[in-house]
Amino acid sequence: QNEEKWDFVLVSDIHEMGSEKEIKRKKFLDELNKKGFTIKKIEDTKLFYGVRAPQHIFWKYQCLLMNPNSRQQNSSAHQDVPVTTRIRVVHFILQNTVTSDLEKLHDLMKKKVFEAAFPLHKKEKIREILKKKWARWRVIFKEQPIEEIRCYFGEKVALYFAWLGWYTYLLIFAALAGLVTVAAGATVFSSSQVSKEICDANNTIMCPLCDQNCSFWVLSDTCTYAKVTHMIDNEATVVFAIFMAIWATVFLELWKRKRATVAANWDVYGWDEEEEELALQLINNSQHEPRLYQHSYFRSTIVLILSLLMMMVLIGIAHALVIYRAVAMALFTQSEVNLLSKHGDTVAVMTGAVLHYVTIVIMTKVRCHTGCLAGFLHGQPRHSSYPSILQVNWHVALFLCDLEKPRTFSERENSFTVKIFLFQFFTNFSSLIYIAFFLGRINGHPGHYVRIAGHWRLEECHPSGCITDLFIQMAVIMVLKQTISNIMEYLIPWLSHQLRKKQKHPKKRNVILGEEEEAEDPCKRQWLNNYELNEVNVFSLFNEYLEIVIQYSFTTIFVAAFPLAPLLALINNVIEIHMDAIKMMRLCRRMVPRKAKDIGIWLQVLEAIGILAVIGNGLVIAITSDFIPVQVYKYMYSPCTRENHTSMDCSTGYINNSLSIFHVQDFEPHTKVLPEFNGIQVKKYRDYRNADDYSYTVQFWHIFAARLAFLILFEHVALCVKLIAAWYIPDVPQKVKNEILREKHSNLQNEL
1 QNEEKWDFVL VSDIHEMGSE KEIKRKKFLD ELNKKGFTIK KIEDTKLFYG
51 VRAPQHIFWK YQCLLMNPNS RQQNSSAHQD VPVTTRIRVV HFILQNTVTS
101 DLEKLHDLMK KKVFEAAFPL HKKEKIREIL KKKWARWRVI FKEQPIEEIR
151 CYFGEKVALY FAWLGWYTYL LIFAALAGLV TVAAGATVFS SSQVSKEICD
201 ANNTIMCPLC DQNCSFWVLS DTCTYAKVTH MIDNEATVVF AIFMAIWATV
251 FLELWKRKRA TVAANWDVYG WDEEEEELAL QLINNSQHEP RLYQHSYFRS
301 TIVLILSLLM MMVLIGIAHA LVIYRAVAMA LFTQSEVNLL SKHGDTVAVM
351 TGAVLHYVTI VIMTKVRCHT GCLAGFLHGQ PRHSSYPSIL QVNWHVALFL
401 CDLEKPRTFS ERENSFTVKI FLFQFFTNFS SLIYIAFFLG RINGHPGHYV
451 RIAGHWRLEE CHPSGCITDL FIQMAVIMVL KQTISNIMEY LIPWLSHQLR
501 KKQKHPKKRN VILGEEEEAE DPCKRQWLNN YELNEVNVFS LFNEYLEIVI
551 QYSFTTIFVA AFPLAPLLAL INNVIEIHMD AIKMMRLCRR MVPRKAKDIG
601 IWLQVLEAIG ILAVIGNGLV IAITSDFIPV QVYKYMYSPC TRENHTSMDC
651 STGYINNSLS IFHVQDFEPH TKVLPEFNGI QVKKYRDYRN ADDYSYTVQF
701 WHIFAARLAF LILFEHVALC VKLIAAWYIP DVPQKVKNEI LREKHSNLQN
751 EL
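Residue numbers (the UniProt record's numbering): 1 to 752.
It is worth saying that the hints were derived from the structure and are not from the lab.
Treat the hints with care, since some could be wrong.
Computed beta-carbon distance windows for the label pairs [unchecked claim]: (1) Lys501 with Asp13: 50 to 56 Å; (2) Val721 with Ile484: 33 to 39 Å; (3) Asn656 with Ile575: 47 to 53 Å.
Every residue gets a Cβ at the ideal spot worked out from N, C-alpha and C, and that includes glycine.
The whole structure should be built from the sequences, with the hints applied where relevant.
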């Protein structure tokens with residue numbers, strides 16, 4: 001039975017005897033034989049080589065990485081090595097075994113000598129437990145078996161699911177707060193004085209939305225839009241934004257505590273990744289010399305410049321979307337289709353959001369196979385390693401990593417993570433930043449519009465504010481990302497698995513009929529079943545992290561404009577956890593287990609997002625929202641400041657006050673307006689300008705100063721609360737600290 005326990009399987013095409021590929025394959029297998037590996041060959045439509053490492057390799061691993069106290073106690077006896085450790089050690093040796101031609105496994109895979117290398121899903125008790133308690137839809141609301149995940153997939157995967165589960169659990173509170181905010185807006189604020197004034201403004205004639213064949217329009221036509229706007233743009237939103245800033249901090253601080261507890265229970269609290277990598281290098285080659293630290297300011301400067309250029313390109317794509325919206329707005333409003341011309345602005349916003357989603361897919365989606373994996377693992381030149389199916393952001397991030405020449409795999413992974421997150425962030429958020437902070441503020445005014453190529457004028461904000469445009473954009477992107485991405489994420493592996501199975505079965509039957517002895521081999525069916533599963537690689541878990549971290553950005557940074565973001569994230573994550581579980585257990589080959597004591601560089605990324613969330617929400621309330629102009633009006637310009645009207649709503653008259661007067665004779669010469677309101681010589685538009693020379697009024701500067709003061713106050717208060725919360729909640733629980741203290745004391749006492 002012991003003979004049938006195999007650590008890894010290598011798969012190769014059947015090459016001609018004496019061919020270059022066959023010779024290279026033999027040389028590699030000979031090197032493994034020299035290291036004491038047991039190799040078993042099974043022939044089917046492909047050649048399968050089962051690989052089992054000799055026991056002395058794991059004894060060396062235990063001796064090198066045991067703590068001094070355990071080493072003294074167990075100098076003669078060796079404990080059983082966990083399967084996850086066996087796979088990890090064997091994987092490292094396979095990847096770093098060099099043939100006489102100075103080629104490693106990844107070089108041989110690029111040259112198609114080997115097609116695949118993977119550890120096996122085996123019929124064992126722990127796998128059945130995971131299938132029953134984790135990888136099925138009926139347990140969707142039950143707690144994850146994290147300990148079993150760790151024993152089967154290793155600490156890194158287990159920590160990912162522990163973190164995702166914790167994030168999902170805390171999203172319940174954020175989602176409830178978001179629902180309360182929207183409910184308060186729908187019941188209390190949608191019937192606000194500001195909405196009533198817009199709905200009753202039957203005599204307020206507004207300037208046309210385009211230059212050619214657009215008519216003037218009555219403000220009351222946008223009654224519904226105004227109600228939706230004030231459902232999300234009210235006093236409750238300010239409270240919700242502060243709550244989310246605190247929530248983001250509490251989430252991370254509580255995660256640090258949970259992580260410390262988990263790491264202590266798994267005995268990885270003091271584990272050192274660099275020490276493990278050095279130990280594995282020495283086990284593989286006792287003459288190995290460590291690669292020393294080095295830093296090049298020239299390389300760093302080049303990487304910085306190229307990173308900034310890439311970010312400028314991504315901002316340029318956002319500008320292209322702005323141009324699309326301006327042109328689409330002009331075309332839709334001039335359309336002969338009544339529905340399009342009436343709702344041209346909303347259609348332009350929604351189609352712009354869909355187009356933004358398409359650019360996100362083009363720039364960010366990745367599918368990586370063995371050559372890509374090899375290049376990433378070993379820092380090989382890009383042109384020979386990375387296939388054309390990699391998308392733009394990934395190409396650039398991998399190229400910049402190659403320029404940096406990181407010393408170890410973990411350094412390479414951290415460097416790549418930071419770069420790809422920055423590129424993904426700008427891809428996802430550049431358009432949202434424009435809508436939030438620039439839309440309607442750089443478009444000029446009637447008679448003097450800012451135009452693209454001197455022809456199409458930029459969009460204006462709705463009289464009830466720009467926040468609804470941001471709401472629509474975020475809603476479309478989040479819904480599309482989560483529905484389409486999840487469907488494709490599950491459907492593609494499932495279809496791929498079904499196709500691979502169908503391709504294999506007919507040939508397999510012929511082999512069984514012709515070669516009965518081979519078909520009886522108990523390993524054959526198991527190896528074929530594993531081979532038919534979808535490939536996994538170093539990016540598999542990375543992609544999951546990146547997807548959730550980008551979602552976390554949407555959930556926190558502009559949440560003031562879209563309070564339902566936490567609810568959408570919660571629904572998505574509940575499905576995501578079990579969809580990932582089903583993929584990993586039933587549709588994909590077994591991941592190579594990796595050891596870890598935390599979620600790595602992703603924690604710093606999440607902390608950076610937490611600070612961006614404070615700044616982003618502060619800017620949304622101060623600049624995008626109408627919260628500040630309404631407050632300035634209430635306390636400086638409303639009837640309440642002149643007379644003591646206790647029964648009057650102090651925002652009475654705000655809409656009329658926020659509109660400026662424009663004289664029709666001042667229109668630009670090429671403007672053609674439909675003759676519906678020709679008798680009226682004075683129209684209105686949203687701004688704070690004088691009627692004679694269209695310069696800014698004193699009220700504009702009062703509002704500007706109030707926006708700035710609020711932004712500074714909000715951000716300082718929110719950041720102070722974040723700092724207090726971070727100080728108040730210790731990163732490591734007292735229990736864990738005391739356990740570590742006792743262990744140190746006990747070790748020193750024994751040493752003495």
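Report task. Give me the numbers of the hints this structure contradicts, sorted from smallest to largest. Result -> 1
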